[in-house]
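Listed below, chain by chain, are the residues.
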Amino acid sequence: MTEPLLRTKGLNKAFGALQATDNVSLTLQPGEIHALIGPNGAGKSTLIKQIAGGLAPDTGQIFFDGQDITGLSTVARARAGLGRTFQISALAMEYTVLQNAMLGALGQAGTVWRFFRPVMQDAALRGAAQNALERVGLAGLATRRTAELSHGQRRLLEVAVALTLKPRAFLMDEPMAGLGTDGSQALTAFLDQLRTEAPILLVEHDMDAVFALADRISVLVYGRIIATGTAAEIRADAQVREAYLGQEEGA
Amino acid sequence: MSTILLIEQVLNGLQSGVMLFLMAAGLTLIFGVMGLINLAHGSLYMVGAFAAAAVAGATGSFVLALIASLVAAAAAGAVVELTVIRRLYDRDHLDQVLATFALILIFSEGTRWIFGSFPLFLDIPDALAGPVMLPGGIQYPLYRLVIIGVGLVVAIGLFQLIARTRIGIRIRAGESDREMIAALGVDISKLYTIVFALGAALAGLAGALVGAIQSVQVGMGEPVLILAFVVIVIGGIGSIKGALVGALLVGLTDTLGGVLLPGFFATFMEPSAATAVGSSLASMSIYILMAGVLLFRPTGLYGGR
Amino acid sequence: MSRTGLINLALFAMLPLTAGAALMLDEPFIITLATKVAILALAGVGLNIALGLGGLVSLGHAAFFGIGGYAMGILASHAQSFVPLMETPFLIEGTRSMPVIWLVAVIAGALAALAIGALSLRTTGVYFIMITLAFGQMLYYFAISWPAYGGEDGLSIYVRNGFPGLNTLDPIQFFGIAFVILALALWGAGRLAASPFGLALSAARQNEARVETVGLSPYRLRLLAFVISGAVTALAGALFADLNRFVSPTMLSWQMSGEIMIFIILGGVGRLYGPVAGAALFILLEHVLGGLSDFWHVYLGLLLLLVVLFARGGIIGALAGREVAHD
Numbered sequence: 128m129t130e131p132l133l134r135t136k137g138l139n140k141a142f143g144a145l146q147a148t149d150n151v152s153l154t155l156q157p158g159e160i161h162a163l164i165g166p167n168g169a170g171k172s173t174l175i176k177q178i179a180g181g182l183a184p185d186t187g188q189i190f191f192d193g194q195d196i197t198g199l200s201t202v203a204r205a206r207a208g209l210g211r212t213f214q215i216s217a218l219a220m221e222y223t224v225l226q227n228a229m230l231g232a233l234g235q236a237g238t239v240w241r242f243f244r245p246v247m248q249d250a251a252l253r254g255a256a257q258n259a260l261e262r263v264g265l266a267g268l269a270t271r272r273t274a275e276l277s278h279g280q281r282r283l284l285e286v287a288v289a290l291t292l293k294p295r296a297f298l299m300d301e302p303m304a305g306l307g308t309d310g311s312q313a314l315t316a317f318l319d320q321l322r323t324e325a326p327i328l329l330v331e332h333d334m335d336a337v338f339a340l341a342d343r344i345s346v347l348v349y350g351r352i353i354a355t356g357t358a359a360e361i362r363a364d365a366q367v368r369e370a371y372l373g374q375e376e377g378a
Numbered sequence: 004m005s006t007i008l009l010i011e012q013v014l015n016g017l018q019s020g021v022m023l024f025l026m027a028a029g030l031t032l033i034f035g036v037m038g039l040i041n042l043a044h045g046s047l048y049m050v051g052a053f054a055a056a057a058v059a060g061a062t063g064s065f066v067l068a069l070i071a072s073l074v075a076a077a078a079a080g081a082v083v084e085l086t087v088i089r090r091l092y093d094r095d096h097l098d099q100v101l102a103t104f105a106l107i108l109i110f111s112e113g114t115r116w117i118f119g120s121f122p123l124f125l126d127i128p129d130a131l132a133g134p135v136m137l138p139g140g141i142q143y144p145l146y147r148l149v150i151i152g153v154g155l156v157v158a159i160g161l162f163q164l165i166a167r168t169r170i171g172i173r174i175r176a177g178e179s180d181r182e183m184i185a186a187l188g189v190d191i192s193k194l195y196t197i198v199f200a201l202g203a204a205l206a207g208l209a210g211a212l213v214g215a216i217q218s219v220q221v222g223m224g225e226p227v228l229i230l231a232f233v234v235i236v237i238g239g240i241g242s243i244k245g246a247l248v249g250a251l252l253v254g255l256t257d258t259l260g261g262v263l264l265p266g267f268f269a270t271f272m273e274p275s276a277a278t279a280v281g282s283s284l285a286s287m288s289i290y291i292l293m294a295g296v297l298l299f300r301p302t303g304l305y306g307g308r
Numbered sequence: 240m241s242r243t244g245l246i247n248l249a250l251f252a253m254l255p256l257t258a259g260a261a262l263m264l265d266e267p268f269i270i271t272l273a274t275k276v277a278i279l280a281l282a283g284v285g286l287n288i289a290l291g292l293g294g295l296v297s298l299g300h301a302a303f304f305g306i307g308g309y310a311m312g313i314l315a316s317h318a319q320s321f322v323p324l325m326e327t328p329f330l331i332e333g334t335r336s337m338p339v340i341w342l343v344a345v346i347a348g349a350l351a352a353l354a355i356g357a358l359s360l361r362t363t364g365v366y367f368i369m370i371t372l373a374f375g376q377m378l379y380y381f382a383i384s385w386p387a388y389g390g391e392d393g394l395s396i397y398v399r400n401g402f403p404g405l406n407t408l409d410p411i412q413f414f415g416i417a418f419v420i421l422a423l424a425l426w427g428a429g430r431l432a433a434s435p436f437g438l439a440l441s442a443a444r445q446n447e448a449r450v451e452t453v454g455l456s457p458y459r460l461r462l463l464a465f466v467i468s469g470a471v472t473a474l475a476g477a478l479f480a481d482l483n484r485f486v487s488p489t490m491l492s493w494q495m496s497g498e499i500m501i502f503i504i505l506g507g508v509g510r511l512y513g514p515v516a517g518a519a520l521f522i523l524l525e526h527v528l529g530g531l532s533d534f535w536h537v538y539l540g541l542l543l544l545l546v547v548l549f550a551r552g553g554i555i556g557a558l559a560g561r562e563v564a565h566d
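Chains as they are written, first to last, in this note's numbering: chain A, 128 to 378; chain B, 4 to 308; chain C, 240 to 566.
Be a bit skeptical, because a hint or two may be false.
[To be verified] Computed spacing ranges between beta-carbons, pair by pair: (1) B:Pro122 with A:Ala274: 50 to 58 angstroms; (2) C:Gly427 with B:Thr168: 41 to 49 angstroms; (3) C:Pro323 with B:Pro226: 35 to 43 angstroms; (4) A:Gly143 with B:Arg89: 28 to 36 angstroms; (5) C:Leu248 with B:Arg300: 46 to 54 angstroms; (6) B:Trp116 with C:Tyr388: 45 to 53 angstroms; (7) A:Gly137 with C:Gln494: 52 to 60 angstroms; (8) B:Phe162 with C:Arg551: 53 to 61 angstroms; (9) C:Gly427 with B:Arg89: 53 to 61 angstroms; (10) B:Arg300 with C:Leu330: 53 to 61 angstroms; (11) A:Gly267 with C:Leu248: 51 to 59 angstroms; (12) B:Ile172 with C:Leu423: 53 to 61 angstroms.
If you're looking for bench data, these hints aren't it; they were derived computationally from the structure.
Every residue gets a Cβ at the ideal spot worked out from N, C-alpha and C, and that includes glycine.
The whole structure should be built from the sequences, with the hints applied where relevant.
As structure tokens, then:
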């Protein structure tokens, strides 16, 4: 087995009496999509926040490419190559779609400390931004204000911004939400080939997408990983069926 | 520095701290419950002082004057809340700052219009005038002692109100989750008006009590307002306890700094330079205190957010 | 040209046209008013870099305005009395040269903004407002209690400072200086807004998490914006002191901070030319309403309240309709 690109070791996070993350150790291997599923309130977003930065675990460590990044800020983790998309879109709403993508390209290029040349005329940044928009199918909306986008389109823009960062690993928090059937199928196909560029830690509610994409699936219940395995293994896991899929079937 | 002078200054610091608490408590409640930054809180302080001075001038009764300060400030607060402030809850802080700054302009110039530019005087009642002998042979103005007492009583009352009463429970609920208490069927806009009027009344009372020591004039509220902001930054937004601790810290630092620092510099500088450096530093001492707190606790001593 | 573009052009042309007309009509007082508008607008342009672009509601910008004023006052008063500022470890003399004074004002304003910003920007929102206000007040009280430069009474300079090749005592020539600086500042602020730095700074105002996630530090972006903003406002302060040939703690007062902010809101938040429109309206109101009533601040307050509650776009917003402020 190759060295994992991303690894958490014994992460714990409690909010008062609530154990939101309970001794979570997981890995993300190069080239794979590792899906994280679990019922609402299982602590998926809390976990992503601890990995991406912004929420410090109570105990435990996070390693990225062999380096301990537990003490690093969100900014430093992004620079190190973690490309995150948010569950609730975090975009500059006054900006056009292109401007949001340019912001990502700007962060990647690291040329923000320039004060005089109009950024929108920078051909290199613009090219990178356009390219990312084309890949997710938003090129036609480049001049649209982000506030006018639908929820699904915002998710795609989140993915596009993450692409401009040329990250070494993606952390995606429910990129399919609000996309509709056609949209999620298109995004599923896109993520399928994206994993060869950089592995993806994917939190997703859309089970069709998860089972179609994931090389491995981890099931999170009450902050704890109760099972990790291939799609077939997870389907067959009695504990998972009881704790999670059972609910789905009953619903 | 003699011990007696030091004790006197400590009492002065307590007195100014307790009055700052009355201001800061209202501000921090209003921020905690409604998420509003209210620059016009100093104007309500001024309204209380003017109402007290006017009523004392007309009736000669200090008690009536104090009641008038509470009523006038609470009424002004309620009116302002109903007409202007409630339109600001959903706005960003910039709008709140500008609109309440506009209110200051209106209140200040309006008061000048009505009462003129000359300061009014509010006399300390005869029963409370003059010094009192404290243990250890310290003479201290009775009125200032009474102020400290009144302030502490109000502080205890406020803690009780918030901890024990139904309205206190609602205030605490409002701080943690606005939608929740709306869902519980509490009339939230009424609650907001009451909280705002309560904060205003506290400010008005402080204005009247302090107005009897200093003069009652337009613009008296803003320096106190800014000190109250320093108190809140130190104590933490939304925390009544933080407001009390912060107010006492600021009151004591301000008063003692002005007395002790020039003396301190005089031990190794020539007298005139020591006075200059000492008094300049003293004027900055509370801000330095604030900067120190910020370095270690950006959300204040008791601030959770 | 878009409607906003036309309005901006008109606003920009308004000042020299007014000053020119006043020159022909031999009304030096009007020229002085136009100069005052240009200088106050410059202060607003400075604050707007922090406020409009960066979303930093600083209620302490009078600190930088006053620091610029005192840079002028201190240097000029030493030149006036022929007493050096400092003899050891090296000699620093006062000066009556505007460019030198401006340089000192800009550097002093930037350093003060660096110190105040580094602390204040550790916090956000309402804390930031209260802290900037408090630091402004700190400098105000310091200026009052420090006796060397006039304390509460302020500092008078008998002759306006000089600029090579110009007669600065001639109102129209001094207006020219102030206007050219304003024009340069507007141009610079426009370039800044469109620059990579501007894109990231403005994004940090809209969504902090987004900026962090692309690997940029909102704190650093904001701190630099705050420093640039403080420097520009200090330059305006130096000019303002030179206009009045007087500097006092009033320039550092929190009311001054509020007024600079009013220029921005009256003109329209997030508009490059907003401060120009706002400062012009403010001075106009001061003289029209001020002539009608001693209590014109009541009307100013009412107007401000109405603008904030009902006309968020300010003057430019009202004139330009619902056109979007950004390109």
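Here is what the structure says about each hint:
no., hint, verdict
1, B:Pro122 with A:Ala274: 50 to 58 angstroms, "holds, 52 angstroms"
2, C:Gly427 with B:Thr168: 41 to 49 angstroms, "violated, 57 angstroms"
3, C:Pro323 with B:Pro226: 35 to 43 angstroms, "holds, 36 angstroms"
4, A:Gly143 with B:Arg89: 28 to 36 angstroms, "holds, 33 angstroms"
5, C:Leu248 with B:Arg300: 46 to 54 angstroms, "holds, 50 angstroms"
6, B:Trp116 with C:Tyr388: 45 to 53 angstroms, "violated, 35 angstroms"
7, A:Gly137 with C:Gln494: 52 to 60 angstroms, "holds, 57 angstroms"
8, B:Phe162 with C:Arg551: 53 to 61 angstroms, "violated, 40 angstroms"
9, C:Gly427 with B:Arg89: 53 to 61 angstroms, "violated, 41 angstroms"
10, B:Arg300 with C:Leu330: 53 to 61 angstroms, "violated, 44 angstroms"
11, A:Gly267 with C:Leu248: 51 to 59 angstroms, "violated, 34 angstroms"
12, B:Ile172 with C:Leu423: 53 to 61 angstroms, "holds, 59 angstroms"
When each numbered hint is compared with the structure, violations occur for hints 2, 6, 8, 9, 10 and 11.
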